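Chains P and B, in that order, give the protein sequences.
Counting with my numbering, you get residues 13 to 193 for the letters of the first sequence.
Counting with my numbering, you get residues 484 to 992 for the letters of the second sequence.
Hints are computed from structural coordinates only; laboratory data are not their basis.
Please read these numbers as outputs of a predicted model, since none were measured by experiment.
Treat the hints with care, since some could be wrong.
Claimed, not checked - To give a feel for the contact side, a few chain P residues facing chain B, derived at Cβ under 8 Å:
1) T41
2) S45
3) Y54
4) F55
5) V64
6) S68
7) L78
8) M115
9) Y119
10) R122
11) S123
12) I192
Note that the Cβ used here is the ideal one computed from N, Cα and C, for glycine as well.
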Amino acid sequence: MKKIKTRLPEGRSVIGVYAVAVFLVYGWTLMASFWKVPSWMYFLKIGEILSVYAYSFAIDFAESILILFVMLLVGLLLPKHWWNDQFTAKSVVWISVLLGSVMLRLYTNRSPEFWEDFVYNQWTWWGYTVLLGIVLSILFSHVTWLRKGLEGLADRLVVFLYIYMPLTALSIIVVFVRNIF
Amino acid sequence: MKQLSRRDFLKLTSALAAGTLAHGSIEFLEAKDGRPNIIILLFDALSANHMSLYGYPRETTPHLSRFAERATVYHNHYAAGNFTTPGTASMLTGMLPWKHRAFNQGGLIKTELIQNNLFSLLGSDYFRLAFSQNPWPDRLVGQFHRDVERFLPSTAYSLRGNKLVSDKLHNDRYMASIAFEEFLFTLNTDVMGSSLLGYLYKTLALDAILKTRDHPWYPRGTPEVEGFTTYINENIFAGVLRELQDLEERNEPYFSYFHLFSPHFPYKPGRKYWKLFMDDGYQPASKPMHPFGFNISDDEVLTKRTLYDQQVAHVDAEFGNLIEKLDTEGALDNSYVVVTSDHGEIFERGFYGHGGVIMYEPAIRIPLLISAPGQTTRQDEFAPNSNIDLLPTLLHITNKEVPSVLDGQLLPGFGGDEGDERAVFSLYAAENSVFLPLNKAAISMHKGSYKLIAYFGYPGYDGAYEMYNLEDDPEEIQNLTGDEPAVFSRMKEELLDSLVEANRPYEKS
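Excised from the complex, chain B in its bound form (with noise of 0.2 Å):
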């Protein structure tokens, strides 16, 4: 009898996988040393609410949408933070903030519960690569270095390099990255703990920015990681397909991680793109000033929304390039690609960016989408949930056991429920001690079509709700405390409970 190819191997479970997925529910595939791959593309501050793929009235994601026709779509799928440190943290750790407490900027996740990452729990069974741009995940990701086999530096396949912390002292990462890059030689605006040296690094790597501020390829100005390094998507999105490629040359299955800048501000997208949807004629809803906004008038947050939208189209079209280039490689045969974001981007209430005490849905409300290997058919999944889903589902598509302290559970679609009475978290919570309870904090839940919003300790705000039918009212209009007052009762009473809960271990007896 003819032996089976490892491609024919890898193409007959395939067409097995198809067909289950045909039926609905989705199989997971098991083939290099019997699983799957895992391949996770996350592109920093992609707002759900800004893809034309869940229905954003610009064509911002065509790629996307396509991509979509092989993967299970989530429509309602939630970061549990509104900036990158909480939001990556519960995502890499399948737990609440309130749990992991990296709520702060630039935070860490609780020493006592960092074995509980996606990179410890797939074990080194897996081949496992880290790439953030960001250097905030990169940090996180250093917390658990000695789990990644390829941790690369966060400048990697940009314009500027530095690997000082990455490569000399890749033993103590998080904490060298503090100290180095957010004190010594911080090049913010905070002042350089470093005087002789840290006027010299400074001196060569601002000229070393301000040479490549220019690009040819970008009109305004070459993109940058928070003024840090400076960078051209096409040489990230390459560099990210180099090393999917050298992977697919190892002989044994990998799980690979990478976050993506793009289309994080400064919004600055390639030379094909700067003139998309402008004077397009769409005027998004008109809302109320925010108290915590930055009352910027509706034009200008039209205009700033507008380059976002500009470079959410130019990361969706490297994007198709990315995957057109791996299928036709077959490097997509037997992985699980997962695509989602750490938090949104909301440009409305006269405030756009992200993180602060601002929960509404296009700041929390992000992308996700995961295609099986071999799968071909589209499923979409309109429950709430949340990033910190993730990880148990990662555990159990690949076998592995998922440890009960992980607050996240099952996506629907992979074995979980896709009932509506689940309370889904998201918080904000930067200006308050991770060693305190939480008592200043903005925390928004959804259950089922309803959310609440929640303010606590804010001068004039404190103890003040909002709930909205985002049913009805998807832009989220009309409060609803005064007009459901026994929805909001119960809503704001788990909302209390579940605090009550996560405040308990750090409440003074």
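So here's chain P without its partners, still in its complex pose (with noise of 0.2 Å):
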């Protein structure tokens, strides 16, 4: 336990790559709904779609923990100097790549005629995504400014934490509340 707890980053940038994880999950979610909204207000009324809303953060926790979580085990999987040493960079340029990866797949396969594609093309479009990973990893990590730049990107979302963290709290207990009573 206490080799796992040397191995894994400061605290600080823990928080940063967090925070840009919920940053792009979060905002998706957000710009999604706006695509709802309009219809749900026909039917829908304001308690009824903070619920909504309410499964949706609690849903976006799951996800935005479950990314990093994944990139404290690929830190933790790595040498030391290959992704820790320069774990927000590294972690902010993956998360993007892959978390962008998804949304555009999503928005542009939408349509049924999309779907054989969606399905059965994955190991290519996945092979892009990760050949476009590790071209930028490598970039961001040897291009000083780019590095600081998005070090202080990550830095500067921490403050949509103090936003979305407390309700993401209240939308659990909304939630839990909803499926009790």
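Both chains are given apart, each in its own frame, so use the hints to dock them into the complex.
Below is the structure:
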């Protein structure tokens, strides 16, 4: 346990990386909800719409934690100088590339005519995504001002945690209450 | 004196009921704790205009016709809405859509009114089962899930299961359904609300759907529920049979509501039916394109119609098998069997399907057959009535109080009025907020043999009316608004008065 602890990046970096994950995951949900809100307003009361957001934030929380966990796990498994020495930059690059890829694919494959392509062309898509991730990862680790820029970005995005985390806590309570009573 | 066995008692009471039927009025049977069972079999998007039972030239429903020989058959029964949500909500609440307010796509019944539903009003002395393959009625029933003892997931007996909402979040089924099925993990063309988990879900769900898209029994592909779930009718009907057999085992009266998806689009009939009616020479009446139609050619519409008719024939055959098995097992001896739909399906005027600003007969005229326990003769009812009438009728049959808030009334044959002075309304208002007065809607009103269609709020069509005399013109071709101004004026006034009354609670003071 102690060994694992020593291999974990410092707390400030972890929070910064988590903030990036939260910013992207919650941001996507909010953006997607803007398509739906006009139709919800036709038949749902404000409280009901907020309940949908409560479920959404609960799921987003699970997603963001999962992403952070994967980044930490990679840091534990890979040699320190490959990942944890530049934990923030590497994690931010990979989170952005992987989530960006997920979002782009979700956005462009909505129609049923693309379903087969969506399901059966995963390898090609993710092959290119991983390639892009490796290239950007190398680039950002070698260009200092880029790396510093990412670290600065992660640091500034922490402010969103002050908004999303209390809302998430409230959301989880709402979900529990709605399903208990 | 030898004691009567339960079965003997049922037989005796069935015979008595048959005797009463022969005299033209139906007296309900009392057994199984003094109450008969009720089985509702609802076939989504089944139009009465496409059933040979109601005179359609293609032989689509021979089994339902046979069943009709022991049932009360309603010839002019109308859904209160022209798509699933308002149609089903009206049937379940006995209220018109402008009162219960579930008239948007996937909408909900007004919270203040949800206790007035079929399940709650029948009460806990019935064991109540609900199964809707269509997710929208599933959501409606989810609003009163506490009054349903057995509430199957909408994917039950399908080829792909998704029980997250029904099993894990059942206490909040209707809101969880909106959050998960319509937003976070939606498979429709909207942007998915969840990114990472949504992606994983979409990959797994689509993989399951694509793998089951081909089925040896279905040459046009496996039937689907809105692209979310694949199913085969044989499994669904076997599931219905199994559920009913289980209910029969219970020593208490039961109410079961089966909302089955077929013959809803996409039309994918089984192998035995996929070539039916092709090149049979049937040519429906040609009608002008409707401004709210898709402008599809008559030939293409006819092709779609034929696919639909094949699907209807398949469903009819499955229904025949089910009824035969239930009959053999004696499960119908003490049960009212109700066969109906939530709305119709239309193939004319450059349009096919349902919903939309189309209120012609095939879109809203639906079947209604009610077979009483032990009924052996057919009774036909021709007065126009509505699917909001089913709830009060079933409450009457089961000796329950009918709340005054309901708009529906008793059906003819069960104590209801057979006169033709009643106005029967159907509504399309999916583009109208439920919190505002109806100002964008299409409304039809049947009265006697006349039918008025009114359009409100559609640019270029606002305040437009059509009126038909269905007795002389069942195809709705001759608009009589100019030819019969007195009737038109009277009908219009009544419709507008009703609309003003319905809008009153939503008008800003």
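Problem set entry | L78 (chain P) as an interface hint toward chain B, with CB separation required under 8 Å | holds (7 Å)
Problem set entry | chain B contact restraint on I192 (chain P) - CB to CB distance below 8 Å | Because about 7 Å separates I192 (chain P) from the closest Cβ in chain B, which is inside the 8 Å limit, the hint holds.
Exercise. Taking the least C-beta to C-beta distance, is T41 (chain P) closer than 8 Å to chain B?
Worked result: Holds. Min distance 5 Å.
Exercise. Per the CB criterion, is F55 (chain P) less than 8 Å away from chain B?
Worked result: Result: holds, 4 Å to nearest chain B Cβ.
Exercise. Do the numbers back the hint for M115 (chain P), that is, is its least Cβ distance to chain B under 8 Å?
Worked result: holds (6 Å)
Exercise. Does the CB of Y119 (chain P) sit less than 8 Å away from some CB of chain B?
Worked result: Cβ of Y119 (chain P) sits 6 Å from chain B, so the hint holds.
For this session: Please verify that hint: R122 (chain P), Cβ, nearest Cβ of chain B, below 8 Å or not.
Result: Nearest chain B Cβ about 5 Å off; hint holds.
Exercise. Measuring from the C-beta of Y54 (chain P) to each C-beta in chain B, is the shortest one below 8 Å?
Worked result: The hint holds - Y54 (chain P) has a Cβ within 8 Å of chain B, the shortest such distance being about 5 Å.
Exercise. Minimum Cβ distance from S123 (chain P) to chain B below 8 Å?
Worked result: holds (6 Å)
Exercise. Does the CB of S45 (chain P) sit less than 8 Å away from some CB of chain B?
Worked result: holds (6 Å)
For this session: Would you check whether S68 (chain P) satisfies its interface hint, that is, whether its CB is within less than 8 Å of any CB in chain B?
Result: holds (6 Å)
For this session: Return the status of the interface hint for V64 (chain P): holds when the least beta-carbon distance to chain B is below 8 Å, violated otherwise.
Result: Since the shortest Cβ distance to chain B is 5 Å, the answer is holds.
In summary, this structure violates none of the numbered hints.
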